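S.K.: This is what each chain is made of:
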Amino acid sequence: MPVDRASYRGWEGTARPSPRSVLAIAGTMISRRMKLKLVRYLTSASVFGAIMFSAGWFLLTTMFDDNFRALLSTNPGADQLLIANRMVFGRLLFIALVITAVVGAPMIAEDRRAKALRLYFSRPITHLEYVLGKFLAVAAFAVVVLVVPLIAMYVLELGLSDKDGLAAERLPTLLASFGPALLACGVLTMLVLGISSLSARTNHASIGFFAVFGITGMVSQILAGVFRNPTWQAISPWSSLRRVTAQMLPMPELKASRMFQLPVDSTWDVGTAWLSLAVWTGLGLGALFWSMRKVEVVA
Amino acid sequence: MIATFERVAKWYGHVVGLVDAHVEVGTGVTGLLGPNGAGKSTFLKLLTGQLRPSMGTVRIFEKNPFTTPSILRRIGFLPEPEAFYESQTGRQFVTYLTRLHGFSAGEARRRADDVIERVGLAEAARRPIRTYSKGMRQRIKLAQAMAHDPEVLVLDEPLTGMDPVGRRQTIDVIRELGENGATVIVSSHILHEVEAMTEQLILLYEGRVRAWGTRSEIRSVLDDVPHRIRVGTPRPRELARLLVDSEHLVAVRMDGNSLVIETRNPEAFYDHLPAVVLDEGIPIESVEAEDVGIEAIFEYLVA
Chain A
317 MPVDRASYRG
327 WEGTARPSPR
337 SVLAIAGTMI
347 SRRMKLKLVR
357 YLTSASVFGA
367 IMFSAGWFLL
377 TTMFDDNFRA
387 LLSTNPGADQ
397 LLIANRMVFG
407 RLLFIALVIT
417 AVVGAPMIAE
427 DRRAKALRLY
437 FSRPITHLEY
447 VLGKFLAVAA
457 FAVVVLVVPL
467 IAMYVLELGL
477 SDKDGLAAER
487 LPTLLASFGP
497 ALLACGVLTM
507 LVLGISSLSA
517 RTNHASIGFF
527 AVFGITGMVS
537 QILAGVFRNP
547 TWQAISPWSS
557 LRRVTAQMLP
567 MPELKASRMF
577 QLPVDSTWDV
587 GTAWLSLAVW
597 TGLGLGALFW
607 SMRKVEVVA
Chain B
161 MIATFERVAK
171 WYGHVVGLVD
181 AHVEVGTGVT
191 GLLGPNGAGK
201 STFLKLLTGQ
211 LRPSMGTVRI
221 FEKNPFTTPS
231 ILRRIGFLPE
241 PEAFYESQTG
251 RQFVTYLTRL
261 HGFSAGEARR
271 RADDVIERVG
281 LAEAARRPIR
291 TYSKGMRQRI
301 KLAQAMAHDP
311 EVLVLDEPLT
321 GMDPVGRRQT
331 IDVIRELGEN
341 GATVIVSSHI
351 LHEVEAMTEQ
361 LILLYEGRVR
371 AWGTRSEIRS
381 VLDDVPHRIR
391 VGTPRPRELA
401 RLLVDSEHLV
411 AVRMDGNSLV
421 IETRNPEAFY
431 DHLPAVVLDE
441 GIPIESVEAE
451 DVGIEAIFEY
461 LVA
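If you read the protein sequences in the order shown, they are chains A and B.
First residue of the first sequence: 317, per our numbering; consecutive thereafter.
First residue of the second sequence: 161, per our numbering; consecutive thereafter.
It cannot be assumed that every hint is accurate.
[What the hints assert, rightly or not] With a Cα cut of at most 27 Å, we get these calculated DSSO-like pairs of lysine-lysine:
#1 K294(B) to K351(A)
#2 K294(B) to K431(A)
#3 K431(A) to K351(A)
#4 K353(A) to K479(A)
The hints are simulated quantities; they were obtained by calculation from the structure and are not laboratory data.
Treat the numbers as computed from the prediction; the structure is a model and nothing was measured.
Chain B extracted, bound-state conformation (with noise of 0.2 Å):
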């Protein structure tokens, strides 16, 4: 294991950061997913050794992260903040955050330039970062944390404010670097980001690791729970009377001009629900699921 989290602790005065953690992240691709104010935030601090466990151990490669900043060499983070010298050019904020991983000006320079053409930044490089949208902060913030190769990417919420095609972008080179053997710890607070780049999870609700394993593991908890899907049409009362005997159903119940179904197998329903609609000559105006969101799976986790 590369990193491991040991019943650790972090409390801020009586707030709660992360309580009694209890993690181990391997190579490759984890996604940390939580809603806000999860404790994902505290998790990649504590890291990263910019905090210390109140209780518990945190170690990365055998060493308390800590006590040994040396070991930082071998990490590579993107806070989410925005935290830059806006005067500064893309080039130059990447090149002092690797100088201050001990390389020389020269060499310095020479990663900045090749990671920044790996992020799609090479032509906005020199100009000042002040000038640059969200989505190209978020990648130049990447950049600085990818510049000196190391072993451990910690990325807190990489994805925020990008565009699709940069998003695509930035999915691509995060799963190419779990691919080549890095070990990447992504935090979000939108489970399908992560989905599209791993299938290790760690979930974390109110300061607690809820659940953590591959997303098969998880979604095998949480087969019990049916999943809710709302289904908008004018005429609910009707559609209720045509699905109430389908055997995948658990529950039906109208919500002024739709319909709230609970099925335990959402496939069979979506499969078996067009031919109802157009036999009987229904109209429908949508098909919503509703617990498909982060919040809804710690809903269920939480329960």
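Only chain A is shown next, with the shape it has when bound in the complex (with noise of 0.2 Å):
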């Protein structure tokens, strides 16, 4: 099959970006993915699990006397929002992994395989509003798995203390909150959508998806053992998005069970961690921009 490299239309089409095409792409994308039940367990595990875990914790903490409150944090007067959050966001980080590989993998790989591309491109779109409008749709999962638990684990603090002024006291914590999930929502959907738009089988990208994860996962640890230097866990996106995220979420102490904190290794350097996200980033772009440019024509 011939290739066409560079003639296919590229980002130098000169209509503006028009949200009204980038939100219908967006929206009709949204629509289609929802129909998957999966995607509708995923969503529903992670909102209604962190209501019922921070529930309970809320409880336990806040209606219960101060000796039992005492026991779990050093702190009676610990900001049990953050500890919450921090208990619950090592979970909602993999739902989030699992929802934007079944919800991304899909996203271009089945357009090219449908040959719809042609029919996008027929439109007075340009390609920037094309991936702009898959990332919103992807990105848009990750947000309702990653920041709307946040938002009702707040929401549920509020509403089972009698405390004045909490609702000020605690919204810090939350826009704190809402900066290590949009991270890892744009880190996540970026890498998955370079990876559809390599491939015209959605199998293949969602394969793709977790091999990038699973064997940096491996590979990181077996070099971080074996020339017993933890930095090496920056080749894995997983590990460099867990301590990153782990860095922008500090934990205050507890004196409870360490089952409370979160397993990461944060003896290793949150530079390297962020430098390893801005490059796996910038492989998932440049994967999209390499594809969108070379697109198979039939002569």
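Join the two chains into one complex using the hints; note that each chain is given alone, in its own frame.
M.R.: Okay, structure coming up:
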């Protein structure tokens, strides 16, 4: 099959990105993915799971006496929302990984397979609008999994507490929690779209996405063990994401069991983890840019 | 002129897509004819800005479609390959693609309903596309191309897979669009389909524009080439003896149980044949024009 390497309509299109087109693409993709049972289960599991867990935590820490609360944290006045966020976030991150794979892997792959790109680009839209629409659709699911539970937990703590001024007191914690959540959404979405754009088969894109995380995770752990240097973990986007988000959500010291602590190795350099995330995001973006310019056409 | 190709060439690596194409397209219906691999799809992709020419310039409404995506608001495109999200209904499919032309969701739905009715798919509009027949798929593709009322419609093999009724309806829609002032460019490799829609033709072969103009203009070029007619009969030798003196004939040869006749005036031959065979009682099993197909015409053009 001859490949037209350079001449498919590229980024030089003169039409300005139109929010209407971007939202039309994103909205349609979201409604199509919502028809998948797995997607509905995962989003429900993340939101309701977080609510159930935090409800239990806040009941323990808020409604029972100070002695019991003191058992769990060094400071009875500790930011319980931050503690709950930290404990839930790692699980949510894993659900976000799965849901971005399920939702994102077919995003561009199925268009390539169905030759739908010809239909898209016979419309007055640029590649940028197309990619933005797809990005928003995947990111929306990641946001629902990562951000909505944090908001629900904030509301829940306010509802279960009779403390005056708690809303204002906890708001900075809530807003600070958005940072790592949105960072994770951006990195995961860009990576999955980049991989999706490289294949015309949804299965290959899904496997590729998990392979990136699985293989780099194993290799990074082996290298970190062999060289006795935990910074090798930066090879893995998953380890880097967990390292960076752990740093962005600082955990107050707990007296209670280590089960409440996130099992993140915090001994390695967070700057390297940031660099790793930047490289992986750049690779996703590069794959998208490259594959959108290199579209097969039949002579 | 609505669209012009000036010395346009397109290569895919070492493979030739289109060479030295110089064509002007005005309003009305224009048929783009050529066998598979002739360069029709390349021509249409260049016209709709999906490809950049390797050489030359393509203009539509005086603008370069490749670098001016906004011009695509005035163009409707029906691609040849299937390009669907199978789980979408026909209505959702047309609405979605119409929204990409900048219409609000409500306006896009209204237009989708109108155009789906126009192509005769109203009853199936709320069914998933995966349940559609080949002909219905072609019609829903036509609907999405027409929904935003484009001034130029580019249709790549629109009649493929349609039943005779659907074919008739679609041809009527295309003709009506042309009569109402739209520019419609229809590609096909079947001559009689295009003949039913238009007089205006562009003939492509092996990536080259062999001829363009009205049908009569192109036919006049081909008038020097004799038409070939095959007559099936159990007595070909006798029939040949009777026909050989006919002034319309250029050549006669036997091929098994049939006679292959070359004539410059096929109508006169068809008038003459019944009288001859009835007088002599020669049974005729079949009469078949061998070179009315597009392939034969292109053979002549290439020769």
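S.K.: Do the alpha carbons of K431(A) and K351(A) lie within 27 Å of each other, as the hint requires?
M.R.: 22 Å, holds
S.K.: Need the status of pair K353(A), K479(A): alpha-carbon distance at most 27 Å?
M.R.: 40 Å, violated
S.K.: Quickly compare the C-alpha distance for K294(B) and K351(A) to 27 Å and report which way the hint goes.
M.R.: 25 Å, holds
S.K.: Are the Cα positions of K294(B) and K431(A) separated by 27 Å at most?
M.R.: 16 Å, holds
Of the hints listed earlier, the one the structure fails to meet is number 4.
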